[in-house]
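Colleague: Read top to bottom, the protein sequences are chains A and B.
The first sequence begins at 1 in the numbering used here and counts up by one.
The second sequence begins at 1 in the numbering used here and counts up by one.
Calculated from the structure, these hints are not laboratory results.
This structure is a prediction, so every number in the text was calculated from the model and none was measured.
You may find that some hints are simply not true.
[As the list claims (entries may be wrong)] Label pairs and their in silico Cβ distance ranges:
(1) B:184 - A:35: 40 to 46 Å
(2) B:177 - A:418: 27 to 33 Å
(3) B:20 - A:38: 30 to 36 Å
(4) A:402 - B:216: 56 to 62 Å
(5) B:32 - A:418: 30 to 36 Å
(6) B:114 - A:402: 29 to 35 Å
(7) A:395 - B:113: 50 to 56 Å
(8) B:72 - A:384: 31 to 37 Å
(9) B:32 - A:415: 56 to 62 Å
(10) B:92 - A:300: 43 to 49 Å
(11) A:15 - B:114: 17 to 23 Å
(12) B:193 - A:38: 34 to 40 Å
(13) B:113 - A:24: 32 to 38 Å
(14) A:38 - B:114: 39 to 45 Å
C-beta atoms are modelled at their ideal positions from N, C-alpha and C, and glycine is treated no differently.
Each chain, written out:
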Amino acid sequence: MLGLLKSPFTFLRLLVQGVWLALGQIWANKIRSTLTTIGIVIGVASVTAVIAAVTGLKTKVLDEFETFGTNKIYIHTDRPEKGPLRNAWHLLRFKPEHFDGLLEHCPSVECFTRMCGYSRSVIYGERSLEIVQVRGIDPHWHKIESRHVILGRPFSVIDDTHSRQVCLVTPTMRDKLLLDRDCVGQAIVIGRRSFRIVGMIEERVESAMFGGGGSQEEVFIPFNTAWKLHRPRAWAIANSKSPEVSEDARAELRFFFRKTRHLKPEDPDTFRLDVIEQFVQEFKKISLIMTAVAGGIVGISLLVGGVGIMNIMLVSVSERTREIGLRKAVGARPSAILLQFLIEAVILCLFGGLIGVAFGQIMTIGISNIPNAEFLEKASIPLWAVGLAFGFSALVGVFFGMFPAVKAAQLDPIDALRHE
Amino acid sequence: MLIRLENVTKIYKVGVEKIHALDGIDLEVGENEYVAVMGPSGSGKSTLMNLLGCLDRATSGTYKLAGKDTTRMGAGAMARVRNQQIGFVFQSFELLPRVNALKNVELPLIYSRNGGWWYRRQQSRSVLGHVGLTDRAKHRPNQLSGGEKQRVAIARALVCKPSILLADEPTGNLESKTSDGILALFDQLYREGQTIILVTHEESVARHTKRIIRMRDGKIQSDEPTRKGGESC
Ligand SMILES: Nc1ncnc2c1ncn2[C@@H]1O[C@H](COP(=O)(O)OP(=O)(O)OP(=O)(O)O)[C@@H](O)[C@H]1O
Ligand SMILES: [Mg+2]
């Protein structure tokens, strides 16, 4: 082989010659060659399809996370597993004033909204809706959830401090209750109390993965109003200034809540701070593992395919022993013979890889069209996977073709010519 | 001297038995000689030819080809010698069945360093013309007669302009009429300056040559110029 590299033109010529010879050989044994490559075909087809599916899933999920907001931090109360506070729900519950001064103490937090909720019936005139999500929110909620007021106005500070009985509705609600098109100023009954509509907000973006299929029937009232009326369980959502500082924001929040809740250093947290970013990282890890596992399985099938290639190449070498002998007799070096058979094995494998990628593409189209599996609709084979498939095929060819090729290269010309 | 063998032996081991296929051969062949090697079956003619053709190695002794000792050459260097210095014609032609005559002739050029694509094509064509097969270039071996096949094989042996043409029973598979044609071709090549060594069983073939080496049991029994116009022996 080294000798060949010293004369690059001969090498190039033998390479081109080898490719032609191999193509001729494969063409002469069409059926055999095709059957031989089936292992590779299956391996490559499944690897590309699996990668396509995982990639599609990942794109879909990350998109979902994106619409969810990657700099959101969810703040919930959490019961410690042991210690005196274990069963003290009532002591641990968030109260509205627990969030006072939060922004001053947490510079990485841009804004936050306190949240609470319950469900009630909603009535307007003759129309009534039985179970409607009633949410208490702060004005920053619009920004954090990116659902803005499209008609009327958002809640004001006075609405909140005075616990006014005002509400925001969605277009769905308006239509279901047969309210006027411009329903601002109309009054509806929420749980036997009358609320005046001050504005209308955007519909919730339907998410396939999170809370999909949930009811679109929701009304929003000022947090304090909800709190005064029912004292429901409260939580909060904070927005960090950017996804990059979301860990900082989380640390600041933790410090803030530990202090305001008077936790001693040895006490466990009595609250939980969930960051979407952490799920994103988690998910990326999972998808990587999924890809790796799939890759491993497929690696095995490629190995099986490679053994098939090796087998047929051994057959080919012994069938063509005389030819090898003759080539040697007229001056082919062992390296030239080696190259010829390696090229043949590699081309066989690449051929299998090509068919495999084509099948993989068909499978991917199939996968992305499975009904009721929206999370796979974005399945597509990334370019690097195609490259990987061909790279691996070629590698399998070199690896499993090496033994037969070396066997051919080492044949003694006289013995080979005498071979029957 | 083109070829110089000194005390060359070739021993085959079959099981525990040792076969002395060649047993102390001393031989010199100069440029533009026309030599026949004769002898009974099993006397070591083919073994000698394979050694001369660098297809095989001697068990002991030295073989100098154009002044170079081939005994210590590696496989690659041997291949180069076969390619550049030696043309070998086999009794059973040994053509590649799936490619046409021209491609068969071109084969040694693929493994040689000289010439590009155009030279290879032209050279193969011209040699094929030289053996009288211009109009058979596109024929596959199974579309050729025995004599034509052997001509293609001879063209292949000549395509790299070797210093020696070796032929092991080149007419062994041919009927006498066809043989005559092949022998005429050899005669012509000899007149053009080619060194030729051929193996034959037939006196009528040997009579074409200028020197006859007779072998028996791996030894050279006699080595003398061809006597013209009568039976040698
Ligand atoms: N590969 C081998 N292994 C063992 N013995 C061998 C081998 N090749 C040749 N021989 C032996 O070496 C001796 C010489 O064989 P060789 O082929 O040179 O004879 P030959 O003169 O060419 O005979 P023929 O006229 O029949 O072709 C014979 O006895 C043969 O059996
Ligand atoms: Mg013989």
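Colleague: Against each hint, give a clear statement of whether it holds in the structure.
Modeller: Hint check results:
Separated by about 50 Å at the C-beta atoms, residue 184 of chain B and residue 35 of chain A break the suggested range of 40 to 46 Å. The hinted window of 27 to 33 Å between residue 177 of chain B and residue 418 of chain A holds, with their beta carbons roughly 29 Å apart. Taken as a hint, the range 30 to 36 Å is violated for the pair residue 20 of chain B and residue 38 of chain A, whose Cβ atoms sit roughly 53 Å apart. Separation of residue 402 of chain A from residue 216 of chain B is about 46 Å and departs from the stated range, judged on CB atoms against 56 to 62 Å.
Under the hint 30 to 36 Å, the C-beta atoms of residue 32 of chain B and residue 418 of chain A, about 31 Å apart, fit the expected range. Take residue 114 of chain B and residue 402 of chain A: their Cβ atoms lie about 30 Å apart, and the range 29 to 35 Å holds. At roughly 31 Å, the beta carbons of residue 395 of chain A and residue 113 of chain B sit outside the given window of 50 to 56 Å. A hinted range of 31 to 37 Å for the beta carbons of residue 72 of chain B and residue 384 of chain A is inconsistent with their spacing of about 51 Å.
Evaluation of the 56 to 62 Å hint for residue 32 of chain B and residue 415 of chain A yields a failure: the beta carbon distance comes to about 33 Å. For the hinted restraint 43 to 49 Å between residue 92 of chain B and residue 300 of chain A, the CB-CB distance of approximately 46 Å keeps it satisfied. A C-beta distance of roughly 18 Å is found between residue 15 of chain A and residue 114 of chain B, which places it inside the suggested range of 17 to 23 Å. At about 57 Å, the CB distance of residue 193 of chain B to residue 38 of chain A disagrees with the hint of 34 to 40 Å.
Distance hint for residue 113 of chain B and residue 24 of chain A: a CB-CB separation of about 24 Å, inconsistent with the stated range 32 to 38 Å. Remark: the range hint 39 to 45 Å for residue 38 of chain A to residue 114 of chain B is upheld by a beta-carbon distance near 43 Å.
This entry does not satisfy hints 1, 3, 4, 7, 8, 9, 12 and 13, going by the numbered hints stated previously.
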